[in-house]
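There are 4 protein chains.
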Amino acid sequence: MMIVMKPTASEDEIAHVVARVESVGARAHISKGEEVTVIGAIGDREHVARLELEGAPGVAQVVPILKPYKLSSSQLRAGERSVFEIGGRRIGGEHFALIAGPCTVESRQQLFDTARAVKDGGASMLRGGAYKPRTSPYAFQGLGEAGLRLLAEAKLETGLPIVTELMDVRDIEAVIEVADVVQIGARNMQNYTLLSEVGRTGVPVLLKRGLSATLEELLLAAEYVLKEGNEQVMLCERGIRTFETAYRYTLDLMAVPVLKQLSHLPVVVDPSHAAGRRDLVGPLSLAAAAAGADGIIVEVHPNPEEAICDGPQALRADEFAEYAALVERAAQIAGKALSSA
Amino acid sequence: MMIVMKPTASEDEIAHVVARVESVGARAHISKGEEVTVIGAIGDREHVARLELEGAPGVAQVVPILKPYKLSSSQLRAGERSVFEIGGRRIGGEHFALIAGPCTVESRQQLFDTARAVKDGGASMLRGGAYKPRTSPYAFQGLGEAGLRLLAEAKLETGLPIVTELMDVRDIEAVIEVADVVQIGARNMQNYTLLSEVGRTGVPVLLKRGLSATLEELLLAAEYVLKEGNEQVMLCERGIRTFETAYRYTLDLMAVPVLKQLSHLPVVVDPSHAAGRRDLVGPLSLAAAAAGADGIIVEVHPNPEEAICDGPQALRADEFAEYAALVERAAQIAGKALSSA
Amino acid sequence: MMIVMKPTASEDEIAHVVARVESVGARAHISKGEEVTVIGAIGDREHVARLELEGAPGVAQVVPILKPYKLSSSQLRAGERSVFEIGGRRIGGEHFALIAGPCTVESRQQLFDTARAVKDGGASMLRGGAYKPRTSPYAFQGLGEAGLRLLAEAKLETGLPIVTELMDVRDIEAVIEVADVVQIGARNMQNYTLLSEVGRTGVPVLLKRGLSATLEELLLAAEYVLKEGNEQVMLCERGIRTFETAYRYTLDLMAVPVLKQLSHLPVVVDPSHAAGRRDLVGPLSLAAAAAGADGIIVEVHPNPEEAICDGPQALRADEFAEYAALVERAAQIAGKALSSA
Amino acid sequence: MMIVMKPTASEDEIAHVVARVESVGARAHISKGEEVTVIGAIGDREHVARLELEGAPGVAQVVPILKPYKLSSSQLRAGERSVFEIGGRRIGGEHFALIAGPCTVESRQQLFDTARAVKDGGASMLRGGAYKPRTSPYAFQGLGEAGLRLLAEAKLETGLPIVTELMDVRDIEAVIEVADVVQIGARNMQNYTLLSEVGRTGVPVLLKRGLSATLEELLLAAEYVLKEGNEQVMLCERGIRTFETAYRYTLDLMAVPVLKQLSHLPVVVDPSHAAGRRDLVGPLSLAAAAAGADGIIVEVHPNPEEAICDGPQALRADEFAEYAALVERAAQIAGKALSSA
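Residue numbers (this note's numbering), protein chains in the order written: chain B, 639 to 979; chain V, 639 to 979; chain S, 639 to 979; chain Y, 639 to 979.
Think of the hints as simulated: they come from the structure by calculation, not from any bench.
From the three backbone atoms N, C-alpha and C, an ideal C-beta is built for every residue, glycine too.
Mixed in with the good hints there might be a few duds.
[To be verified] One-sided and incomplete, this derived list gives chain V residues near chain Y with beta-carbon spacing under 10 Å:
id, residue
1, 793
2, 850
3, 897
4, 923
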């Protein structure tokens with residue numbers, strides 16, 4: 639970290655900053671220029687993170703040099719990309735995972751129809767929600783444990799690994815009994831309690847970016863999981879909130895190549911929630927795959943008009959195979975192969 | 639809710655929408671114009687919230703008419719504003735509450751010095767954090783239960799009601815033993831588990847707006863608390879995330895008069911976290927009070943340069959009385975009186 | 639347009655709205671529901687655009703039904719897409735145009751080296767700036783007319799049509815003498831004088847989306863050109879401003895399929911300005927082509943390290959052919975063929 | 639400017655950056671730390687502005703130290719604030735200007751009724767638009783020269799200085815014949831042609847912040863005017879574009895104290911366009927004045943229901959005096975006196 643002092647900073651103010659740097663166990667390196675003095679704070683990330691010098695007397699600017707995350711950083715693995723194997727499917731590196739299924743588990747029929755269709759179409763994993771975070775307390779909140787039981791059955795039936803969301807730390811035992819991947823939703827990206835507890839389970843995590851979270855905040859959220867010893871975190875871009883009202887969220891596909899530079903972790907894109915409309919899911923999926931995403935998580939329903947939740951954004955189960963074939967072609971341009979058992 | 643059909647919508651598509659409306663227990667009222675057909679869905683909020691017709695075949699647009707929240711709505715009280723009495727201090731209506739104290743409880747000395755200064759300066763309540771949500775897992779996370787005990791002592795000493803944050807549902811018993819007001823932080827605004835549990839305690843809640851939450855989402859989050867029977871929710875604007883990089887967050891003071899129109903609940907402003915810089919806290923506090931806020935929550939420290947957390951944004955304890963006097967003048971312009979014991 | 643009245647609206651307020659509707663030459667159609675009255679305003683777009691009823695007494699909400707643009711609307715051509723032929727190259731429909739060249743014309747050598755490389759690599763048109771809008775008055779503003787002369791020479795040499803920016807209405811004669819396509823930059827998207835004048839020239843226009851312009855505003859800006867009789871407008875997404883600071887702008891690729899639904903006009907993507915970094919240009923270009931863009935406009939320089947302007951985002955001329963081949967593959971997935979002479 | 643090199647930067651890359659710095663006439667100061675090398679570029683702003691080293695090989699980060707603007711900078715006047723005298727009214731420092739009048743000039747009657755009301759209520763200047771920038775080409779575009787003539791008459795009648803907008807550089811002579819202050823609208827904030835030409839006239843300028851312009855961009859736009867020798871520029875905050883849809887724009891009142899720190903120029907707030915609704919204009923005006931704004935520009939109409947343009951946001955002329963008295967009280971809290979003849 640470098641602390642740029644104001645041109646008007648006094649010797650006392652400079653000395654005070656130096657003292658602060660040393661008080662957290664870091665070393666200070668002073669460089670006096672003609673116009674300004676710059677103080678380098680050299681020490682480990684934990685120490686330097688405790689310095690809060692913005693706005694201190696005489697300080698013009700604080701410039702971080704080391705990234706505040708380390709376990710998720712691409713530097714950790716010297717540029718090598720993480721590849722996870724989950725229930726026999728790989729994700730990361732040259733492996734592209736297509737995760738598909740209903741927004742929410744509604745019934746055995748609905749889940750099984752979808753599961754078979756996505757398996758036949760070449761999906762790598764099955765998604766499905768048993769617990770649904772809803773903006774309104776008056777909206778449908780998911781089937782809960784009954785939903786988990788149906789997911790377990792669908793896994794037995796199809797062999798597809800299961801991706802499902804955890805919202806409440808008290809449901810953790812029930813969820814990880816079924817889940818091959820625990821999804822942390824966008825609204826919970828900074829629910830630090832949940833992140834730490836999921837970190838302790840060791841079950842792979844799909845961590846969705848918050849609606850207005852920066853990439854740095856996403857990586858710091860991943861850090862909460864990683865520091866508990868759980869190395870299998872997938873980052874998921876699912877649309878950010880901007881001024882544009884023509885669509886629900888703005889899918890930030892630049893996040894894909896940038897996250898891949900900053901971090902060794904696989905990057906997944908969720909085009910369904912970003913768009914909120916079925917007709918946009920296809921073009922956005924192709925774009926995500928061509929941009930180098932390591933996977934896509936997409937909503938599919940046998941009969942979207944009857945869906946309890948998010949029907950308008952679900953792909954039709956009987957069109958999934960055609961969709962998957964196009965996505966595979968786009969992933970190939972980016973040098974990836976679709977992962978299946 | 640009105641569903642505007644596309645000019646090209648078929649009779650079948652219209653009939654399908656009508657059937658959906660009726661399937662959730664609402665009634666459909668069809669109005670055929672020359673260019674478009676409009677279908678009104680009449681029923682209670684819970685029913686209509688389950689309709690998800692955006693993007694359905696033939697549907698051009700879905701226009702909500704009733705607000706999706708009801709317990710927080712100003713219609714509930716026919717325009718009358720809620721006034722809460724908390725430890726002898728009032729907030730809401732003509733009563734302006736000045737809530738002040740340290741960002742985080744660091745030590746008995748620091749807390750007591752601050753508490754006495756803000757009490758002498760005319761503060762209505764004392765704030766202080768024992769549990770701190772931090773973006774980085776490597777940053778200081780608060781004193782925890784030891785912090786709560788110090789807050790309890792400070793309350794005994796000064797008589798000021800205590801405002802402190804709850805992050806983890808498992809700490810709820812410990813927190814409400816001390817707190818007169820439970821603060822839910824911006825990152826937890828959509829932690830629905832936490833909201834419902836706090837709702838069940840009946841302890842007054844200060845609910846901070848998420849960094850990119852719309853006012854409607856804030857009111858729906860409040861609804862999660864209110865529907866458990868807890869009527870004492872205060873809404874808190876604390877800055878939103880925008881493109882501007884000249885400051886930490888953009889304080890959205892337009893939220894103050896708009897929330898007061900939409901809801902009967904008191905509206906509080908946090909200028910400290912929005913600005914992140916002490917020198918902006920004064921002007922923003924005056925602005926908030928003049929705009930009609932029902933209260934301000936502000937950070938104060940006896941020696942900000944030595945603060946563990948957020949020192950640069952803390953007002954100096956020895957300047958608090960002067961600050962409070964100016965804020966009181968601004969609140970008077972908006973027709974309010976400072977609330978003290 | 640539908641005007642939804644408040645539940646509390648009086649008969650007088652309803653009558654007043656009806657009178658306003660009729661005063662601009664539209665007809666009012668009243669529909670009284672149990673809770674609210676809805677007034678439809680039926681008339682042409684010009685009439686209805688003059689109604690400004692938001693916030694009028696008794697009015698709860700004004701819901702536009704017709705889009706406020708018409709010449710750019712996809713309804714104008716019943717879903718058929720516009721295809722333009724510019725100097726023998728086609729854009730739109732199944733034709734994908736790759737527009738490449740330097741950010742700014744610096745010298746004959748630099749321009750010719752670039753022009754030959756992009757022609758050999760398969761580019762459809764040559765871009766190059768003679769007039770540069772710069773945020774700072776102290777930055778390089780372009781070669782002006784000397785730059786235009788070099789572009790004319792490069793066109794003679796390579797046969798590539800020229801795309802160049804117009805900033806000042808007083809330069810219009812000089813620019814259209816050379817330009818096959820006049821570019822209107824993002825900062826000028828709402829410079830209505832410039833739009834109307836360019837509309838009168840009849841020269842094809844590449845209209846860049848403003849940094850915080852909605853798609854509707856972009857289409858209304860196009861409407862300023864179209865209504866002067868100039869039918870050849872290409873829309874260009876080049877990144878929007880969001881809270882994210884990890885990159886210069888956020889490329890909004892969802893705009894591609896959405897603009898193609900709303901409008902018959904071709905949609906072009908500029909990955910260079912959005913990213914500001916060479917290493918992101920490749921992935922974003924593939925994503926744009928896979929998402930169905932009708933073209934890409936990209937910056938190329940023979941020696942980016944020496945570029946006067948925006949060097950860090952320029953592709954290297956000697957890597958262009960490889961880049962173009964990949965983009966062509968991505969465009970094919972979306973059903974398009976690269977357009978060349 | 640400081641250039642922070644990557645830990646992996648080679649000696650060649652460092653030498654290349656040094657060469658670039660020297661090639662624009664600046665000096666390079668190298669400081670090698672244990673982890674990274676930092677290169678200071680010392681020279682004047684014009685030189686350094688031409689360096690575009692972001693993304694150059696081996697460069698991790700470019701940190702500006704000097705602000706890129708200078709004539710608008712508060713450093714220029716060593717913290718002293720600019721005070722302008724316009725037609726006998728002062729703005730800046732301790733002088734608060736209340737600028738009021740109709741959005742657009744509609745008729746002699748409308749303009750004169752408004753002008754008299756705002757003069758009687760204590761306004762400092764009269765605003766009124768003759769040329770209106772409109773998002774839609776189908777909306778009313780203003781009375782043009784006829785509007786200017788009416789403004790000239792209103793000035794004669796009331797003695798109030800006139801603030802009116804210039805959109806097209808070709809109207810400059812006609813506008814400055816009437817205008818005491820030339821307004822540059824938000825959409826034209828980066829119309830550099832217009833800024834430079836207005837700079838040459840020497841007439842005071844009210845420069846509105848673009849909808850998504852940073853404060854630095856606003857100050858750089860002011861720089862375009864100032865560098866032509868025109869020292870009288872007022873900066874105007876009028877709302878920025880954010881994700882919030884509950885109101886038209888988000889009024890960014892934090893811009894007021896921050897601009898006053900960064901610049902010596904007066905800062906004006908436009909609450910009318912930000913809110914778009916009359917009922918918010920009062921609270922926002924009080925907030926702006928209490929935050930330390932040097933003036934407010936507000937829309938007033940004798941009969942808002944009949945206004946051609948922006949009626950819903952206009953204050954009623956017969957309520958202006960009461961409004962002005964409250965604003966004056968709020969300005970007093972911030973240490974200012976209302977400026978009148």
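How the hints compare with the structure:
The interface hint given for residue 793 of chain V is broken, as the beta carbon of that residue sits about 32 Å from the closest beta carbon of chain Y, more than 10 Å. Contact between residue 850 of chain V and chain Y, as hinted, is supported at the beta carbon level, the nearest pair being about 6 Å apart and thus within 10 Å. Satisfaction of the interface hint for residue 897 of chain V is found here, the shortest Cβ-Cβ separation to chain Y being roughly 9 Å, below the 10 Å cut-off. Using the Cβ-Cβ criterion of 10 Å, the hint placing residue 923 of chain V at the interface with chain Y is satisfied: the shortest such distance is roughly 9 Å.
The structure does not agree with numbered hint 1 stated previously, though it agrees with all others.
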